[in-house]
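Please work from the sequences and hints to get the whole structure.
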Amino acid sequence: MATRLSLEGGPSSHRLLAIWTRIGLQSFGGGQAVQLYAYDALVDDRHWISAEGWNEIWGMCQVVPGMNVIAFAALSGYRLSGWGGFAGSVIGLVIPSVVLTILVTAAYQRVQAQPLFRGGLRGLVLASVGAAFVMSWRLIRPALRAGRREAPRSLVGAIAVTVGSAALAATGRVPALAILLGAGLVMAVVLQSVGRASPAPEDRP
Amino acid sequence: MIDGATFFWLALRASLLSSGGFGNLPQLHQDLVSRGWATDSQFATALAIGQLAPGPSGLWVVALAFLVGGLSPALLSAVAVILPPLLVVPVGRVHGRFADLPAVRGFVRGLVLAVAATVPVVFLGVTAPGFNWLAILVIGGSAALIASRRIPLFVVLAAGGLVGAAAYR
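Listed in order, the protein sequences are those of chains P and W.
Residue 0 is where the first sequence starts when you use numbering that gives the first Met the number 0, and the numbers rise one by one after that.
Residue 0 is where the second sequence starts when you use numbering that gives the first Met the number 0, and the numbers rise one by one after that.
A hint or two may mislead.
Said to hold, decoys possible - Partial list, derived from the structure: chain W residues whose beta carbon lies under 10 Å from chain P:
#  : residue
1  : Ile1
2  : Ser18
3  : Leu27
4  : Arg34
5  : Gly54
6  : Leu100
7  : Arg108
8  : Gly140
9  : Gly159
10 : Gly160
11 : Gly163
Stated by the list, open to error - Here are the simulated distance ranges between beta carbons:
#  : chain 1 : residue 1 : chain 2 : residue 2 : range
12 : W       : Asp39     : P       : Arg137    : 19 to 27 Å
13 : P       : Pro114    : W       : Gly35     : 22 to 30 Å
14 : P       : Gln108    : W       : Gly129    : 15 to 23 Å
15 : P       : Arg137    : W       : Phe97     : 24 to 32 Å
16 : P       : Val188    : W       : Leu123    : 23 to 31 Å
17 : P       : Arg152    : W       : Asp2      : 44 to 52 Å
18 : W       : Ile135    : P       : Arg109    : 24 to 32 Å
In case anyone wonders, no lab produced these hints; they're calculated from the structure.
Even glycine gets a Cβ: it sits at the ideal position worked out from N, Cα and C.
Here it is, written out as structure tokens:
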């Protein structure tokens with residue numbers, strides 16, 4: 000059952016706009032940093048959302064496509080202050096970040112001929128590859144743990160889907176959407192056959 | 000020449016069936032490279048800028064669109080990647096009824112696993128040209144530091160940038 004957050008005495012849409020703008024502009028390091036600052040601002044500092052409410056909203060953000068932190072801003076804003084809160088939170092998080100992303104890209108285009116900046120960006124890209132591996136492992140590990148708890152076929156299915164998806168992506172011949180859809184359908188069939196309804200542990204950050 | 004409407008549709012489609020900020024990378028990479036609209040090098044640059052600029056790193060798509068087509072594709076792509084997560088409000092209303100169904104949990108889990116498996120493959124693919132021992136060291140070292148959770152991600156990325164500036168210039 001959804002945790003209701005009281006709209007009475009909740010923040011105004013302008014307040015949420017200002018808070019999410021600050022969260023977005025402070026957050027160097029992507030979604031993890033956004034989560035960190037948002038938790039500070041909404042749970043610890045102002046107590047607008049309880050820790051349980053945070054987990055519940057975050058769980059829902061895992062089942063919608065795309066960027067989880069935008070989904071989080073949208074749903075928490077909506078719960079706190081209706082459609083005004085929704086708009087204020089999403090606009091606050093997204094617009095300044097989009098503008099800055101475009102400005103950084105434009106700035107890079109001006110300096111990309113210089114070896115120092117090209118080298119710096121190359122190093123940053125390689126560090127991002129390292130980050131991608133860690134983030135992937137953080138997604139895979141809870142699914143494997145859940146599989147181990149549920150049934151052998153759930154664990155085997157998760158391993159097969161992971162290895163198979165990577166192998167198919169490496170061939171470069173299978174459309175990525177087909178890989179994602181196929182993986183989803185395989186695991187849907189596997190879990191349906193296992194048939195146990197326990198809370199999904201991978202639905203947590 | 001890049002067609003803005005097609006670019007918008009490709010970015011929206013890739014984001015609609017994906018998870019997280021990089022889940023759209025594999026499909027978008029296939030779609031844009033096959034059309035000759037973007038190169039591996041532009042993808043690598045955009046992914047790095049996405050990490051570098053403040054805010055959600057999924058906005059790397061905006062950097063890519065700006066690199067390959069300028070301001071209009073950048074703004075269109077921003078709308079395309081922002082729309083899918085907004086589905087959370089209607090989903091939030093029915094979530095309690097469907098979230099615990101085994102088939103729904105299974106589908107989401109499979110999707111997350113496929114994203115986790117395919118994104119590093121594409122990341123490696125776009126950065127592969129010019130790979131050497133130092134590159135492997137930076138990747139491995141960054142992964143170890145980030146996994147330790149002792150150093151903020153941004154600091155690790157910045158350190159990678161400094162190593163690159165010193166070594167690759």
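Hints versus structure:
1. Ile1: violated, 15 Å
2. Ser18: With a closest approach of 7 Å, the serine 18 of chain W hint holds.
3. Leu27: holds, 8 Å
4. Arg34: violated, 14 Å
5. Gly54: It holds, given that the least Cβ distance between glycine 54 of chain W and chain P is near 3 Å, below 10 Å.
6. Leu100: Constraint on leucine 100 of chain W satisfied, holds at 8 Å.
7. Arg108: holds, 5 Å
8. Gly140: The hint holds - glycine 140 of chain W has a Cβ within 10 Å of chain P, the shortest such distance being about 7 Å.
9. Gly159: holds, 3 Å
10. Gly160: OK, holds: glycine 160 of chain W within 10 Å of chain P, min 4 Å.
11. Gly163: This interface hint holds because 2 Å falls under the 10 Å limit.
12. W:Asp39 <-> P:Arg137: 19 to 27 Å: The hint (19 to 27 Å, Cβ to Cβ) holds, given that aspartate 39 of chain W and arginine 137 of chain P are roughly 26 Å apart.
13. P:Pro114 <-> W:Gly35: 22 to 30 Å: holds, 27 Å
14. P:Gln108 <-> W:Gly129: 15 to 23 Å: holds, 20 Å
15. P:Arg137 <-> W:Phe97: 24 to 32 Å: The hinted range 24 to 32 Å holds for arginine 137 of chain P and phenylalanine 97 of chain W, with Cβ atoms some 25 Å apart.
16. P:Val188 <-> W:Leu123: 23 to 31 Å: holds, 30 Å
17. P:Arg152 <-> W:Asp2: 44 to 52 Å: holds, 46 Å
18. W:Ile135 <-> P:Arg109: 24 to 32 Å: holds, 31 Å
Comparing the model with each numbered hint stated earlier shows that hints 1 and 4 do not hold.
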